[in-house]
Amino acid sequence: METLEIKGELTIFNVAGHKEKLLAALRANAALELNLAGVDEIDTAGLQLLILLKREASLTSKKLSFAMHSKPVLDLLELANLTTAFGDQLVLPQTEE
Amino acid sequence: MSFDEEMKNALKTFTLESLELLQDMEEHLLNLEDDEAPAERINAIFRAAHTIKGSSGVFGLTHIVAFTHVVESVLDELRGGRIGVGSELVAALLPCCDHITLLVRNVVDGRTEEDAALTAEGKQLLDELNAFTQAAPADKAVTEFKCPREQLQKLENDSVKDGNWHLSLRFGADSFRDGMDPLSFVSYLRTLGDIVQLVTICQALPPADEMDPETCYLGFEIELKSSAGKAEIEGVFEFVRESSIIRILPYGSGIGEFIELIDELPENLSYLGEILVAAGAITRHELDDALHHQQNKMQTAREQGNAEAEAAVPALGEILVKYQAVSEPVLNAALEKQKQVKEKKNQEAQSIRVDAERLDKLIDLIGELVIAGAGVNLRSRLFADEGLKEMTGETMRLIEEVRDGALQLRMVPIGTTFSRFQRVVRDVSKELGKGIDLIVTGGDTEVDKSVVEKIGDPLMHLVRNAMDHGIETADVRLACGKPARGSLTLKAYHSSGSIVIEVSDDGGGLNRERILAKAVERGLIQAHDVLSDHEVYALIFEPGFSTAQTVSNLSGRGVGMDVVKRNVTALRGNIEVDSRLGAGTTMRIHLPLTLAIIDGFLVGVGKATFVIPLDRVIECVALPEDAGEREYMDLRGEVLPLVWLSQVFDVESHQQRRHNVVVVEHAGNKAGFVVDRLQGEFQTVIKPLGKLFTYIKGVAGSTILGDGKVALIVDVPTLFEFCERANRHAEHALPAPSHAS
Chain A
80 METLEIKGEL TIFNVAGHKE KLLAALRANA ALELNLAGVD EIDTAGLQLL
130 ILLKREASLT SKKLSFAMHS KPVLDLLELA NLTTAFGDQL VLPQTEE
Chain B
-1 MSFDEEMKNA LKTFTLESLE LLQDMEEHLL NLEDDEAPAE RINAIFRAAH
49 TIKGSSGVFG LTHIVAFTHV VESVLDELRG GRIGVGSELV AALLPCCDHI
99 TLLVRNVVDG RTEEDAALTA EGKQLLDELN AFTQAAPADK AVTEFKCPRE
149 QLQKLENDSV KDGNWHLSLR FGADSFRDGM DPLSFVSYLR TLGDIVQLVT
199 ICQALPPADE MDPETCYLGF EIELKSSAGK AEIEGVFEFV RESSIIRILP
249 YGSGIGEFIE LIDELPENLS YLGEILVAAG AITRHELDDA LHHQQNKMQT
299 AREQGNAEAE AAVPALGEIL VKYQAVSEPV LNAALEKQKQ VKEKKNQEAQ
349 SIRVDAERLD KLIDLIGELV IAGAGVNLRS RLFADEGLKE MTGETMRLIE
399 EVRDGALQLR MVPIGTTFSR FQRVVRDVSK ELGKGIDLIV TGGDTEVDKS
449 VVEKIGDPLM HLVRNAMDHG IETADVRLAC GKPARGSLTL KAYHSSGSIV
499 IEVSDDGGGL NRERILAKAV ERGLIQAHDV LSDHEVYALI FEPGFSTAQT
549 VSNLSGRGVG MDVVKRNVTA LRGNIEVDSR LGAGTTMRIH LPLTLAIIDG
599 FLVGVGKATF VIPLDRVIEC VALPEDAGER EYMDLRGEVL PLVWLSQVFD
649 VESHQQRRHN VVVVEHAGNK AGFVVDRLQG EFQTVIKPLG KLFTYIKGVA
699 GSTILGDGKV ALIVDVPTLF EFCERANRHA EHALPAPSHA S
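First to last, the sequence lines map onto chains A and B.
80 is the number of the first residue of the first sequence in the numbering used here; add one for each residue after it.
-1 is the number of the first residue of the second sequence in the numbering used here; add one for each residue after it.
Check each hint, because a few of them may be wrong.
[As the list claims (entries may be wrong)] Now the stretches of chain A that chain B is said to cover, found in silico as 3 or more residues with beta-carbon under 8 Å:
(1) 84 to 95
(2) 113 to 127
(3) 140 to 150
[To be verified] Under 8 Å between C-beta atoms, here's a sample of chain A residues computed to sit facing chain B:
(4) Met80
(5) Leu131
(6) Arg134
In short, the hints are calculated from the structure, not lab data.
The C-beta atom is built at its ideal place from N, Cα and C for all residues, glycine as well.
Go ahead and model the full structure; you've got the sequences and the hints to work with.
As structure tokens, then:
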């Protein structure tokens, strides 16, 4: 299984570039894991891209999983109520106190 | 917190952030032309404008949005490479940047309404700006597409039937591009009430290849439990209302209204129906009725839609069961949500704004702690108690760390002050018709915030002065064999416990003869006085002194340089001038790193105790027996001028046997202070002297020792001046009167 890492932000400002790259990676591999640990900012456009990738994977019968969701990603997935729909294993962050 | 207060707070954050963004924007704009690869900068500028526009929209500041929108479109053109970077464009964009700043500042002052005069001004700016662009072709066609039903993104729910409102949101295709982040609206809804159910609708997503990631295809179905009225909820979406479908229905609306809703929304109707049932907006019975109703209607109109709907209805029950089965999700999302909101806030708070006053209070207290600690330490030495000594030693170490940490809090890079000058240089050079480049080095040198704040104005004087008087016009420069464009350098670096800021130009330099002539004319010196270059140059800091032949708008009225000197001295700093005729001038400002606390070196002269700033001290040596009362000594082959503190401060020295010399450095020169006793290091809080003593030379302040006595802090730079003058007078054997500089 191929692992790709997304670093920095996943927002309207760079989704176009990410889309090309991630879509190509998904098409080139039967199974792909996206490591989201390094995503420090995500907006709805970023989320939309993740949804698209998930859909594309299920349409083409590929295995796509997101892993190591960073805090901003978790928050947004939670807000959009997609955590369970994405069906990825989540590591819930410890309370930092 | 009431809604109003919350909005007020949010607005405050908005203005603060916007002003920061505008500052960045200005900086990037100024550097745009010189950048080899400006893409990154253009992006940053665009982002700034975009963010400001988006946030102003949220607050309903439509006049800011309207103005920024035009700026942003131009920037977008720039970003797309359809128009090129040029100084005219930058010149047109900078005033726009200023204008937005003005608008935001008005908001800070509480004027959120549009101001007709400003709008007219803005209009003019925009007209200039619009000259750079032609209308960009719009390609906004969004492909209609149906998603496979597996993609139904849904779920989690605890028996939620009491949402007061049902919200159907379909955001406009351009939402992202307009700087709207749909989920931030949803997020904001949470401040109005509880989101008990939310379904993300992504049916409109076209196939991967056709999907434009910058277009918004998403929608949300939300059950909101809130006491807010419809108008209030609608207000949240005020800014996207035009481009998006926003439907807000109270819970318990008749089925007819929901059918209407279903009709309006672009998705497959049975799919929507499922969501509504799941969300608790309508019952299954109502949905079945509705679908039946729809079927009848469609029979005639759409054969295909009918078939699909028919296929969907029987599946409905199954789906609902499935939903219920999932309703105890592995993840207790609801509880998590609360926790995560809190954590998100923590994360956002990685840097916090602190009231400067509180910080000052803290530093003040730590200052007192340092004094008290030093007292304890001194006391403990009186007892032969090893344990006590050890403990006070440890306490002192901790206090030192706390002190350093607290002072660090106040340190800010001087670069922010420097970057202001980019704009000044640009504007002034334009005004003067001279081509001047600003070179900044050492911008990340850290300085105490209070120093940074106070050094801005003196620097401004120096920079303007250098541009006005220092740098010649292009013709003169070319005639002298210099490049036509002048350059001005701002430089900061640390040097032996102080920060040095240099303002240098490559202009004509100071004219020694002219300054002398002027000084004599003003009666500052006598015609036969012999002065070193440094002293001559120092004359320009005398009040009312200007050698400029023409008085310009900017400088030359002789007001300024003395103010500069006064400001710098007030910061316990000093300023010196280096100049070579025809080659340029360098103004060098030495400032202490911090104003509050220093590490001192205690010395005793007679009964008095003095503190010499430790960072000036290089070493201590014994005064050779045969030195007598001489004013210099041999320090390993070097001539070291001596300053007898007992003479300078007129203290009776009791020491008969031998004296000690503290070797001190300042601005590259060394001197030896002759004292009676060396008493070691001491942390000192500087207490300013009273007004009465303001004009006393050689003393920078006072401090309180552990035993309650007062010690004076020696002002090294002025003693150096004293020493230099004394030496020269000795050399020339001239009984010249001394002039305070």
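A quick look at each hint next to the structure:
With 4 residues having a beta carbon nearer than 8 Å to a beta carbon of chain B, the region 84 to 95 of chain A meets the requirement of three or more and the stated coverage holds. Remark: the region 113 to 127 of chain A is confirmed as covered by chain B, as 5 of its residues place a Cβ nearer than 8 Å to a Cβ of that chain, reaching the required three. Counting residues of the region 140 to 150 of chain A whose beta-carbon sits less than 8 Å from any beta-carbon of chain B gives 1, not enough to reach three: the coverage restraint is violated. Checking A:Met80 against chain B by beta carbon gives a least distance of about 21 Å; that is not within 8 Å, so the hint is violated.
Restraint check, A:Leu131 versus chain B: the minimum CB separation of about 6 Å is within 8 Å; hint holds. Given hint, A:Arg134 at the interface with chain B, holds; its Cβ is 5 Å from that chain's nearest Cβ, closer than 8 Å.
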